[in-house]
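Sequences listed follow chains Y and A, in order.
Under our numbering, the letters of the first sequence match residues 1 to 549, in that order.
Under our numbering, the letters of the second sequence match residues 1 to 549, in that order.
Derived from the structure by calculation, the hints contain no laboratory data.
Every value quoted in this text rests on a predicted model; they were computed, and no experiment measured them.
Warning: the hint list may mix true and false statements.
Under 7 Å between C-beta atoms, here's a sample of chain A residues computed to sit facing chain Y [what the hints assert, rightly or not]:
{"no.": "1", "residue": "Asn334"}
{"no.": "2", "residue": "Ile383"}
{"no.": "3", "residue": "Pro421"}
{"no.": "4", "residue": "Leu425"}
{"no.": "5", "residue": "Leu426"}
{"no.": "6", "residue": "Thr448"}
{"no.": "7", "residue": "Asp455"}
{"no.": "8", "residue": "Lys462"}
{"no.": "9", "residue": "Lys484"}
{"no.": "10", "residue": "Phe516"}
Have a look at the derived ranges for each label pair, beta carbon to beta carbon [to be verified]:
{"no.": "11", "chain 1": "Y", "residue 1": "Asn113", "chain 2": "A", "residue 2": "Asn159", "range": "42 to 48 Å"}
{"no.": "12", "chain 1": "A", "residue 1": "Glu369", "chain 2": "Y", "residue 2": "His299", "range": "56 to 62 Å"}
{"no.": "13", "chain 1": "A", "residue 1": "Arg248", "chain 2": "Y", "residue 2": "Leu320", "range": "38 to 44 Å"}
{"no.": "14", "chain 1": "Y", "residue 1": "His299", "chain 2": "A", "residue 2": "Lys200", "range": "50 to 56 Å"}
Cβ atoms here follow ideal geometry from the backbone N, Cα and C, with glycine treated the same way.
There are 2 protein chains.
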Amino acid sequence: MRLLIFLVSVFCFGCGYAEQSFEQVSTKLTELFKKVEQQQIAVADAVLAIEESDIELLLKPSVINPEEANIIAEGQIACTGASQGVLCFDLSDLDRLKKEGKEIIWVTDYIKNDDLCHLHNFAGIFAINEDPSSHAIIVTRVYNIPCLTLPANVVKTDNELITPYGIYKHGDEATLDGFNGRLLLGKVPLHVHSDDTFLKKISEWSEHFANLEVHGNADCAKEAKEALDYGARGVDPRTEHMFFLPERLHLFRKAILLKGENAAILDELKELQKADFIDLFQTMGSYPVKIRLLDPPLHEFLPHQEEVLAVLAEDLGIPLDKLVSQVKSLNEANPMMGHRGVRLLLTSPSILKMQVRAIFEASQHPSLEGKSVTPHIVIPMIISSEEVQVVSQMVEEVYQEVSHAVGKTFPYRLGIMMETPRACLLAGEIAPYVDFISFGTNDLTGQTLALSRGDVYDKFLKFYLDKGLLKADPFSEIDPAVKKLMHICVSQMRKINSDVTVGICGEHASQKVGVFICHQLGFDTVSCSAARVPVVKLLAAQAAIIHPR
Amino acid sequence: MRLLIFLVSVFCFGCGYAEQSFEQVSTKLTELFKKVEQQQIAVADAVLAIEESDIELLLKPSVINPEEANIIAEGQIACTGASQGVLCFDLSDLDRLKKEGKEIIWVTDYIKNDDLCHLHNFAGIFAINEDPSSHAIIVTRVYNIPCLTLPANVVKTDNELITPYGIYKHGDEATLDGFNGRLLLGKVPLHVHSDDTFLKKISEWSEHFANLEVHGNADCAKEAKEALDYGARGVDPRTEHMFFLPERLHLFRKAILLKGENAAILDELKELQKADFIDLFQTMGSYPVKIRLLDPPLHEFLPHQEEVLAVLAEDLGIPLDKLVSQVKSLNEANPMMGHRGVRLLLTSPSILKMQVRAIFEASQHPSLEGKSVTPHIVIPMIISSEEVQVVSQMVEEVYQEVSHAVGKTFPYRLGIMMETPRACLLAGEIAPYVDFISFGTNDLTGQTLALSRGDVYDKFLKFYLDKGLLKADPFSEIDPAVKKLMHICVSQMRKINSDVTVGICGEHASQKVGVFICHQLGFDTVSCSAARVPVVKLLAAQAAIIHPR
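So here's chain Y without its partners, still in its complex pose (with noise of 0.2 Å):
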């Protein structure tokens, strides 16, 4: 009966369109909670008929009434929430419109790498052909920017978007609905959210039946409190985004290059990381920051600009052309198949003990007393036991040391990223030294269908979605076969290790395929985004209510 009540209400939202406004769903939950009050339905048929889309009304600004405004371009959704301002093409005019108070939609073909650092200027995105996976997308979400793609029939010049609607020009007022899939003409009445009392209640049924825990994926203090406030109950950051701010990126360049091998450079990253982790110690307290030590390719950090190689030749004390050939011999073929997390951590020892130490020194700070901190360190890419062993006894000496240091003993968790078929087809092997396991499920759907996800989109990727050839984009639901090789991998540990703690990181975990598939392969914990959470919870309970484990 339940089953058949969320399916018909899945059935329903599918095919019949209705506009989405916040007054529907105020309408709707206020009967349903109603109902349930008068005994006439019970919390769990409730639960189920709570739809991702409603929470997310809640949460966010939505249009008032969205059938009586004038569209420019109809599109998909990449994030969902609804923002004004002004279409600009051309971002050498963003500092102009800002100086003038304006908000920006930017309307533009891709999110390249290089406007990453730009997004939070914008109020909305209207990306043209923008793969809807894509990370770019994915940072949108994070930073919650309602965000349309590949909109149909639309023509961009450099300074017009050109529509089935009529033409609109840069400097064009507009609204961006994101729960509809519209952009509006002119500045049209937004709901912006103010009562909690559906959210508050919505939240402490998911929680009475899920399974899971949900985790936000915050990289500093200020994402952390965010996803608290969403109802986060941990959360895992990523530790070289820390590193990306331009004044720390010149000294983990040097670092790098110097393979580790400069106390006084490891010593200032060092207090870096450790004030950071503090920070972050701070606003999670006893709930779980899981750490995730240095991952990306090493190109990623490079420089290969000629003034920004010259600069860091100087200051490393080296000849410029000796440096452009050390940087060049570390550009990599297949970079994600490369020298990257565990690998580089191994072979640069002292950059893994810096991080570790940082870890363990934040979380004994005076300041955190009564705190109760678990350190919980994080491994990425690895493939084999052997790894793990030789990672965890080096963890394990820079403990001594600070656990010496600081006068007393104290408990902390070594867990790995499980984002190789390797890893996940050997689980068996790694399960004794590991306290917790956390699916990276973005390279592991890349390793496993071999797809660079990057720039494989406007290649094939769509035509094989388009055509059928694969049933749905593997970077956006979880895939049969990385299906699959979590289920090996989790059966496999559990022989071993029931001790172990299962999560998984990244947008998979968002979607309702990805919390339904984690829910039934046993996992304990969650991550997505911070203004996810609440959504995701719903789908925990959701999915516990329909397949009790």
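Assemble the complex: chain Y is given as a structure, and chain A must be docked to it using the hints.
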């Protein structure tokens, strides 16, 4: 008892070092054959007592008195055999040396991709820093060029080799002893094989016991003939190798850049391929010729030098800057995980159809009357059953056209490369649509371990092997995780389609560990380079004796 003899012989071989020579092997085999004749031991025990190196010493030239020679340096054996010549440090001097009638032993740090087309010039190769499992090393085995790598305590300057034994110069006479891992001073006497009584007997015994049929890696009729002479019962050519000849490359580049949309160019390519295939079919008769359609990443075909691009642009009638940007747009961040294999064939279907038509037309050529040729088509880089279904339909369409044109029906077989984890994990879905599969363990290993073979050795793989972070080089020995995927694949596939034939391509199946795994997993065929065929037949027999199916 048999297992014991086998283990003892392996053990003795592994620990006691004695120089290997034809003389030794000849004595050993003479005694062994006598014992069999006198029924002192069973044939199976005799088969187990024969070593890989015994067969190689029967097949290839070897140093007659290795213990008497003066050593220049000692290194790891990359390709067995012995050869003589002068040391050459400088390829610009190659022509002069060849004109003087000299054989050449090339001394180099690495064998770069650009060097592969020169390899046929060398009698031997001494490659100081080359990864022993690199593609280049495999090519030396295919070309049967004695080769040593990673010598101990050797320094190479521009024209000198400084070793613990002395200093040796460009032009010095030397002998490369690929059986004892030594570069020797001067031209020392070699034994060159003449009589093949031993080999014939061993081959007969091997075929009697083995369950595995041994095929050869061969790209053209000449190589196929060689494989056949060594005892192969089929070959696995890769069509793209046929495109690397300079005059064809230009034509093929045009086809790629026009996405196969120029009928005249395609027709010209088809005729070239068809002629190659007719030669292959002529050579192999009713033995299977499993032709792999276009596989490698696109960028391997595209030019980057200004002058080559200019010629191509003129020939295509497009402006140079447009061509440059087109070539640039085809660049990929991780080409191994990019637009290649079936992905390229499906997005440029006219190239696929051209290749299939060439195969079918060749197989029905009047000159092959009475040879009962069954064309075998192999699709690379499969990840989904849907891909196979679409390709299968296209192949059938071409079949119908060719069959109609030649006025008769004929059998053909469609197979796929198993080289992605996804295809292995979802093999049951693919099973109904294929007649045979062939594991491509190089790519499969790369994806399973997230290792980009070409550039990880120096950066960390060597470190990993030295430190025991991986127990064996996964590009030499089938990795345990890859073995697991192969097991999952074969068992699922056979459950759905018991008629499917299972094989493996590439170097993994040339080695003992690989052959034993393939035998135990119930494979039907293994492929290796021509000169390894007699060895692999022996290994297949040993596997069958020790682990009867």
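Taking the hints in turn, this is what the structure says about them:
1. Asn334: Result: holds, 4 Å to nearest chain Y Cβ.
2. Ile383: holds, 5 Å
3. Pro421: holds, 4 Å
4. Leu425: Holds, because the Cβ-Cβ distance from A/Leu425 to chain Y comes to roughly 4 Å (cut-off 7 Å).
5. Leu426: holds, 5 Å
6. Thr448: holds, 5 Å
7. Asp455: With Cβ-Cβ at 5 Å, under 7 Å, it holds.
8. Lys462: Hint violated; A/Lys462 Cβ to chain Y Cβ min 10 Å, cut 7 Å.
9. Lys484: With Cβ-Cβ at 5 Å, under 7 Å, it holds.
10. Phe516: With a closest approach of 19 Å, the A/Phe516 hint is violated.
11. Y/Asn113 x A/Asn159: 42 to 48 Å: holds, 45 Å
12. A/Glu369 x Y/His299: 56 to 62 Å: holds, 57 Å
13. A/Arg248 x Y/Leu320: 38 to 44 Å: holds, 42 Å
14. Y/His299 x A/Lys200: 50 to 56 Å: holds, 55 Å
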